[in-house]
Amino acid sequence: MSGHETYLLDRTRTAASHTLEVYRASGGYQTIERVLKQPITPLEIIDEMKASGLRGRGGAGFPTGLKWSFMPDRATDQRPRYMAVNADESEPGTCKDRVLMEEDPHGLLEGCLIAAWAMGLEGVYIYIRGEYLECHRRMQGALDEARAAGLVGSDILGSGFSCEINVHPGAGAYICGEETGLMESLEGKRGPPRPKPPFPAGFGLWGNPTTVNNVESIFNVPFIIERGAEWFKNIGVDTSPGNFLCGISGHVEKPGVYELPLGLSAKTIVEEFAGGVWQGRQLKAWIPGGSSTGFVAGSLIDTPMDHNSIKAIGSMFGTGAMVILDETACIVEASLVLARFYEHESCGQCSQCREGTQWLTQILARLESGAGTLEDVDMLEHIAGGMTPGKTICALSDAAAIPLQVALSHFRGEFEAHAGAGCCPVTDQSKVPVTDQSEVKAQP
Amino acid sequence: MTIITVNGREVEADPARPLIDACHDNGAHVPHYCYHRGLSPVGSCRICQVVVSQGDMPPRVVAACRTPVAKGMVVNTEAEAAHGARKECLEFILKNHPLDCPICDKAGECSLQDNAYAEGQSECRSVEPRRELAKRKSLGDVIVLDQERCILCSRCVRFMEEVPQTPQLAIVGRGTHSRVETWQDQPLSGNYQGNLSDVCPVGALTLKDFRFQARVWNLRKSASTCPECSRGCSVTVEVLRDGPVKRIRPRHNEAVNGYWMCDEGRLGFHEREQRPRLAAALLAGASGLETASASRVIEVCADLISAAERPLLLASPFITDEEAELLKQLSASCGARAAVVIRDTESADADTILRTGDPSPNRRGLTEAGLEALSPAAAAAALGEADCALLLGERSAELVGFEALCALPVKLRLVLLDSYAPEGEIPALNACLGIPDWTERPGTWTNIDGHKGQLLPARPAPNGTRPLTATLRVLASILAESGTPTAADIAEEATR
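One line per chain: the protein sequences are A and B, in this order. Per the numbering used here, the first sequence starts with residue 1, numbered consecutively. Per the numbering used here, the second sequence starts with residue 1001, numbered consecutively.
Check each hint, because a few of them may be wrong.
As the list claims (entries may be wrong) - In silico DSBU-like pairs for lysine-lysine, Cα to Cα no more than 30 Å straight-line:
1) Lys-1208(B) - Lys-1137(B)
2) Lys-1071(B) - Lys-196(A)
3) Lys-189(A) - Lys-1137(B)
4) Lys-189(A) - Lys-1135(B)
5) Lys-1087(B) - Lys-1071(B)
Unchecked claim - Residues from chain B shown here face chain A by an in silico Cβ test under 10 Å; the list is partial:
6) Gly-1043
7) Pro-1068
8) Leu-1094
9) Val-1127
10) Arg-1131
Note that these hints are calculated values from the structure, not bench results. The C-beta atom is built at its ideal place from N, Cα and C for all residues, glycine as well.
Model the full assembly from the supplied sequences, consistent with the hints where possible.
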């Protein structure tokens, strides 16, 4: 399949696409101008967003228009209100927002301005992952340009509407991409997530109404307002309309970020866009939408990539970041790599997550080394069960445990083959059996 | 108030408080580590899981400390799912806990230990090495931190932020590398550090003062009132086998001190415990003060007062409301001037939390009883004007001052009823009799706000002391009859 309608990445193919000049040449900032001058009322924008059916692209797939409508009524609640754009893209596999921020920062800013008008925001904070230095540079550059052009700040385009936009670099913690952790971090504190309720729409940044949206979600806004909800709904599938950015990585010939309509089968994506599994090998497993969604068996590669279809196979659409593993990959080793990530990134406030992520890592390391036992496999399942679902303040515990549960449900045999094997039976790189750890005495 | 159902019983619950309070207030056991009623809830330890159902929603397991009370909520703290979730959570909390209960000071009053015995599994499934962190890290003069025992509940961090409002502790590091620390290992400061060991649900923060002093199950605990200032914080006095006071801890009293007390109050007992007690009845004889019977001392005392023209009854501000009442009766029966020694309030010792800076715990009770208040200097002057004086109450000699007492004319007939022995020989002293201190007698102190604080005997008074109330009663009855008492009268009074 090719020749599908694209819009998200169209401008990025132009040279110097990150500059105001090039952005304006392609019709940039005309939507916000029309919104402010016509004007299109905030209510109309929120209704249009609701009608478009856009589902948030940050992982949970929550309808963006509905989220916006949760902001309290200005008539009864005069507190200042904010939006935080979640650009703390740190989930292993996910690399889509980076392209937008580096190549089309003004597109994101225009989306922010429309959102700010729709929700009557005093300020917008774009919270960028600490390691994304180039994103930060480009976003800051674009913001400076836009401010100089009267597009950001007070009395935008002479409309009387004012909104401040700030770009804020994170400090390198995955947990600060959790919406309430992000708010803590923006407030200048450590970023352990806050318990909910209260929800951000009622008690967010500095205790004020706040909405937190993903970069790609906001990036979609000018297109939906410009071209209409009907246009948007004609792309993708009914339950998940629009295009999405699919960051595909792992064992494929052409890894990268592709703009694709939702509902396209994962097999088509791998074979027609990513050039197929590399080196002519067989597909073993794939992650549908970032590390938190887990390893799904290769036999399910025909599944359409949209929220409901992926949910139906026991995983999640997540951020649409596919990771492909070929037949030579060891699922236990891959699970260990992910478990290490979550152990490292757990903020440590909830008992299950703090201790559970470490425990999973320790057991997986033992299994991968070939020193584990069949009981260890059962333990993995049991410990993961103790960490999910919804037993902790935020979803990091779930994100650590669910992929393992998914992997166990699809590849239990491979986990069990590691027990007592003396080495990894899949990669078998060392060929040297490790010391039998079962001799090690239990701690008193 | 909102009506909810807790374990099958309809109860009233405060909608402003989290669900866990409604459970606790209605006799349901819900374990908790990060939650503390005196601090803001964070919901991080996750042990307080209960099953809640509401309306048409299916029952779900929630953390009771972060769940608001809502009308019609049905809570089951004993559901299998609740027990299962708590047991699961406990295993995670114990994963890196050193399980060094046999050498832990908290053992016996540790909610982690109690809960592990009650709900935990006896077998440990983790074979991995446990976290190795600082085992005895000094956090200043008051507190020692054991980072390995810490379960990262953050109560200590929140206490410092919310109560004395001097944030000095923080959780640093992430995940299993998290630990409680002070900024650049600086020692803690402030006058409320001792509370950290109370809020710590495990043995991570312990009092240097109490470390290895006693097993807590050997301590006898009695409700009492702190004598250090006129706030009169409700406390528990903990005594080891009827002997020395080992620890004083705050006792929850919303009207006075909430859950807290200052370090001065907590640790002040040491200074008094070390003082030599006056545990005898002594009478002036040919070779100075000689041992006599208590009855004889009281007899002599009554004789001296009835023979005097200008008798003075001078009390310390540590006497109770009941003792003050008897003092007034005695004063009425013999026409003696009755006064109490009151030191000035030191505003430098006051703070905005609990400490009043007023060192007289029962100032309000005694002034409301109508006793004349005298500064130590005025008290010394009043003693100089009297021809017979009864100096009574715990620390009364100290308050007037040893030097001032020594300077009194020898013709003054001075009798001392005190818990502590004077620092040396006082020429004017004719007789003295030991009395129980504040940990050994019952009574009431009225605090600065008029709240009545109870004293209860935490241990037996030393042999050779006699309750002040009994002595005052006998004296009053003798002097009221204005006749010479018989030995039988005194014996009868003494047994009351």
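Each hint, compared with the structure:
For the hint linking Lys-1208(B) to Lys-1137(B), the alpha-carbon distance of about 11 Å falls within 30 Å, and the restraint holds. A distance of roughly 19 Å separates the Cα atoms of Lys-1071(B) and Lys-196(A); the hinted pair therefore holds under the 30 Å criterion. With a CA separation close to 26 Å, the supplied pair Lys-189(A) and Lys-1137(B) stays within the 30 Å bound. This hinted pair checks out: Lys-189(A) and Lys-1135(B) have alpha carbons roughly 28 Å apart, not beyond 30 Å.
In summary, the hint linking Lys-1087(B) to Lys-1071(B) is supported, as the alpha carbons are separated by about 29 Å, within the 30 Å threshold. Annotation: Gly-1043(B) was flagged as interfacial toward chain A, and the flag holds, the nearest CB pair being 4 Å apart, inside 10 Å. A hinted interface residue such as Pro-1068(B) counts as satisfied when its beta carbon comes closer than 10 Å to some beta carbon of chain A; here the least separation is about 7 Å, so the hint holds. Proximity of Leu-1094(B) to chain A holds as hinted, the smallest CB-CB distance being about 9 Å (cut-off 10 Å).
The interface hint given for Val-1127(B) is met, as the beta carbon of that residue sits about 5 Å from the closest beta carbon of chain A, less than 10 Å. A distance limit of 10 Å between C-beta atoms decides the matter here; for Arg-1131(B) the minimum to chain A is near 9 Å, and the interface restraint holds.
Comparing the model with each numbered hint stated earlier shows that all of them hold.
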